[in-house]
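Number of protein chains: 2
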Amino acid sequence: MRRAIHLISAFIFIISAISAHAQSDSLPSWNDSAAKKSIVDFVSRVTAQGAPDFVPVEQRIAVFDNDGTLWCEQPIYFQFAFAFDRIRAIAPQHPEWKTTQPYKAILDGDMKAFAASGEKGLLQMVAAAHSGMTTDEFSRTVIEWTATARHPRFNRPYTQLVYQPMLELLAYLRANGFKTFIVSGGGVEFMRPWVEKAYGIPPEQVVGSSGTVALQMDAAGKPSLLKTSKIEFIDDGPGKPVGINRFIGRRPIFAFGNSDGDLQMLQWTAAGAGTRFMGLVHHTDAEREYAYDRKSKIGKLDKALDEATVRGWAVIDMKKDWKTIFP
Amino acid sequence: MRRAIHLISAFIFIISAISAHAQSDSLPSWNDSAAKKSIVDFVSRVTAQGAPDFVPVEQRIAVFDNDGTLWCEQPIYFQFAFAFDRIRAIAPQHPEWKTTQPYKAILDGDMKAFAASGEKGLLQMVAAAHSGMTTDEFSRTVIEWTATARHPRFNRPYTQLVYQPMLELLAYLRANGFKTFIVSGGGVEFMRPWVEKAYGIPPEQVVGSSGTVALQMDAAGKPSLLKTSKIEFIDDGPGKPVGINRFIGRRPIFAFGNSDGDLQMLQWTAAGAGTRFMGLVHHTDAEREYAYDRKSKIGKLDKALDEATVRGWAVIDMKKDWKTIFP
Chain S
1 MRRAIHLISA
11 FIFIISAISA
21 HAQSDSLPSW
31 NDSAAKKSIV
41 DFVSRVTAQG
51 APDFVPVEQR
61 IAVFDNDGTL
71 WCEQPIYFQF
81 AFAFDRIRAI
91 APQHPEWKTT
101 QPYKAILDGD
111 MKAFAASGEK
121 GLLQMVAAAH
131 SGMTTDEFSR
141 TVIEWTATAR
151 HPRFNRPYTQ
161 LVYQPMLELL
171 AYLRANGFKT
181 FIVSGGGVEF
191 MRPWVEKAYG
201 IPPEQVVGSS
211 GTVALQMDAA
221 GKPSLLKTSK
231 IEFIDDGPGK
241 PVGINRFIGR
251 RPIFAFGNSD
261 GDLQMLQWTA
271 AGAGTRFMGL
281 VHHTDAEREY
291 AYDRKSKIGK
301 LDKALDEATV
311 RGWAVIDMKK
321 DWKTIFP
Chain Y
1001 MRRAIHLISA
1011 FIFIISAISA
1021 HAQSDSLPSW
1031 NDSAAKKSIV
1041 DFVSRVTAQG
1051 APDFVPVEQR
1061 IAVFDNDGTL
1071 WCEQPIYFQF
1081 AFAFDRIRAI
1091 APQHPEWKTT
1101 QPYKAILDGD
1111 MKAFAASGEK
1121 GLLQMVAAAH
1131 SGMTTDEFSR
1141 TVIEWTATAR
1151 HPRFNRPYTQ
1161 LVYQPMLELL
1171 AYLRANGFKT
1181 FIVSGGGVEF
1191 MRPWVEKAYG
1201 IPPEQVVGSS
1211 GTVALQMDAA
1221 GKPSLLKTSK
1231 IEFIDDGPGK
1241 PVGINRFIGR
1251 RPIFAFGNSD
1261 GDLQMLQWTA
1271 AGAGTRFMGL
1281 VHHTDAEREY
1291 AYDRKSKIGK
1301 LDKALDEATV
1311 RGWAVIDMKK
1321 DWKTIFP
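If you read the sequences in order, they're chains S and Y. In terms of our numbering, the first sequence opens at residue 1 and continues consecutively. In terms of our numbering, the second sequence opens at residue 1001 and continues consecutively.
Mixed in with the good hints, there may be bad ones.
Said to hold, decoys possible - The following label-pair restraints were derived from C-beta to C-beta distances: (1) R311/S / L1226/Y: 20 to 28 Å; (2) S1229/Y / R45/S: 53 to 61 Å; (3) R45/S / K1295/Y: 55 to 63 Å; (4) K295/S / G1221/Y: 19 to 27 Å.
Claimed, not checked - What the simulated footprint calls covered on chain Y by chain S, stretch by stretch (three residues with Cβ under 8 Å from a Cβ of chain S suffice, anywhere in the stretch; the number is not a length): (5) 1187 to 1196; (6) 1210 to 1219.
FYI, nobody ran anything at the bench for these hints, they're computed from the structure. The model shown is predicted, which means the values in this text are computed figures rather than measured ones. Cβ coordinates follow ideal geometry from the N, Cα and C atoms, glycine included.
Construct all of the structure, not just a fragment, from the sequences and the given hints.
Below is the structure:
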C-alpha cells in the first residue's frame, strides 16, 4: 500500500507539472494585454485553494453568449441565413409562396421587399423555417446545413467561423474546473446539433430561445416531438437572467457577451456575492472580421459598452487583443 | 519520460483494481434479484468498449422521477407539506386568510374543508406559497424548511426519506460515466436547493415544473428575479418528454419512474435506437414504507404497470428487492 501511495504521489506530481506548463500558454491566440491578464488573474484567484476568493468547483459556472461572442454574426445572424436557405429548400412544397410575402421576396432574392415586410415578415419566415417537423428531423436539417452552407464573405462553413481565442478560453476555464454554458438569443434547437463539436459544450449546457413542442404518438405508439410555430421563450435581454435561472439554477461567476442583449446577463452575474468576471467582445476589426458597435442593427453594443466602462468590466478589443480570429 | 509512463501505468492498474472491487458491490442495499441483475447487465453492456451495445460517455443520460422514485411521496407529496407549512408561516401577513378558503381550512387544520376546495383550492394554495418573493428568498425558505420540518409518520427530516438503494444506483451510474438528471413533476425551484446534498445531482441537472419569474431592478440598479403566481410549465405526463427535450436536449438511455405520470418519459426513452433501460419502483412495502398502486390518489401506478409488463421493463418490488429503504 505504501508503494501504491508513492506511485500515486509521483503520478500526481507529473500531471501537475504537465498541467502547469499547459496553463502557461493556454491562451496562445490572445496578445499579452490587460484583457488577457484580467482573465488569468480571475481564474487564478477563484481556483487557489484557501485563498479569500476561492470558489468551489460546483459553483464555477461560466456563461457565454453565442452570436458575436463565440462565432461571427455578420452580415446577418447565421440562424437567419439558415432560415432563408430552408425557405428556399422547402418552397416546392409551398407553391403559394410564389405570390405571398415575405416568402416571395426571399425566393426572388429581393431583400428590399423582404425588409419591407418588417418584424412580422421576419417572424413568419423564422416560424415557417423552424416548425412543422419533429425535433429529430429539424436536428438533421441543421446538421446538413452546417455541412453544406458557406458564408458569403469568408466562403467557409459557418461552424468554422468560431473565434479561436474564445475556443481557447472555453478550454482554459474547463481545465480549471468551470462548467461552460451557452446563453444565447438564438434557437436552442438550432445550436444543440453542432455546439458540442464546435465548442466542446454538450447540448444540455445550452440555453436559448425556443418554440413550443408537442408530444405526438403515431399509430404504432411511437412518440415524437413536433415543433410548432408558437414562440415559447425569448432568451435575450431581460430573458437571459430568467433563462439562466430556469435552465442552470445557479448564478454564474463568469459571463461573456458582445451586445446590449447581454447587458442583463452581465448585470445578473455581477450582482452575486464574491469576485466575478464580466467581459464583452468589441468588434473592432473590419479587416479580419467586422467593425461595429453603437449603430449596428445586428449585435448593437451601446448601453452595455457604457456600463462596462463605468463598472470596469473587461472589454476585448478584437483588433488589438486577438492574434488570430478564426481557427 | 519512460519512467513517467511506467508510473502512470502502475497508477492506472491500481485505480482499475480498486474500482473493479468497488463495482462488485456498488448496489449493497439491493437483493440479488432479477431487477438488480437487469441493471448491472445493462450498465455492463453499454460501457464495454467495442461491444455492440457500447454507448459513448456523452450519450449516457439517465433520468429519474423524484416523488416516489428517489424519495417518499406519502401521505402527501412533500412539496404540499412544504406549502401547507408555508401558508401557516406567512398567515400573520394575510389577516384576510382567517375567513377565506382554501386558507381558512389550512389554518384550521380542516382537511375535509380543504379537499372541498378542489383543484382550484390546491392551485391557489400552491401559488400563494410559491410566489411573491425573489428566487433567492424562496431558496432560503426551502432550505430552512428541509432543516426543520419532520415527516408525520417517520419523524425525520423529509430529505432523509430518500431511498438508499436509489442513492446507490445514482452513484453506480455516475461511476460508469452516466450523467444523472431529475425529471420531476415537482417544482424545480423547490428541488434545486437540496438535491445536490441529497442525491449528488447539481441544480443544473434538475428538470421540473415552474412558475414564471420576472426580472426586476431595485433603485440601486441591483437585479433580482421575482417569482410570480403564473404557471409556466408542468413537467408531468406528456410534459416529461417535452421537458427532457427542452432542458437536456438529448434522449436518455436510462429512465426510472414510479407512476403513470412517468409513462411518457419511459416511452420516450424506450423509443430511441439501441439498447435502453426502463424501470419502475413499485411500492409494495406497507411495513417499511407504503403499499399503493392502481387506486392511489398520489403516485397512481396503473397504465404504466401494464405497459411495463407487456414491454418487459424492470419493475422493482420494494419489499422483495430492497434490503433497506431509507439511509
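How the hints compare with the structure:
Distance hint for R311/S and L1226/Y: a CB-CB separation of about 24 Å, consistent with the stated range 20 to 28 Å. The given range of 53 to 61 Å is broken by S1229/Y and R45/S, whose C-beta atoms sit roughly 41 Å from each other. The supplied range of 55 to 63 Å is met by R45/S and K1295/Y, whose beta-carbon atoms lie about 59 Å from each other. At roughly 25 Å, the beta-carbon separation of K295/S and G1221/Y lies within the given 19 to 27 Å, and the hint holds.
Look at the stretch 1187 to 1196 of chain Y against chain S: 4 of its residues bring a Cβ nearer than 8 Å to a Cβ of that chain, three or more, so the hint holds. Counting residues of the stretch 1210 to 1219 of chain Y whose C-beta sits closer than 8 Å to any C-beta of chain S gives 4, which meets the bar of three, so the coverage hint holds.
When held up to the earlier numbered hints, the structure conflicts with hint 2 and nothing else.
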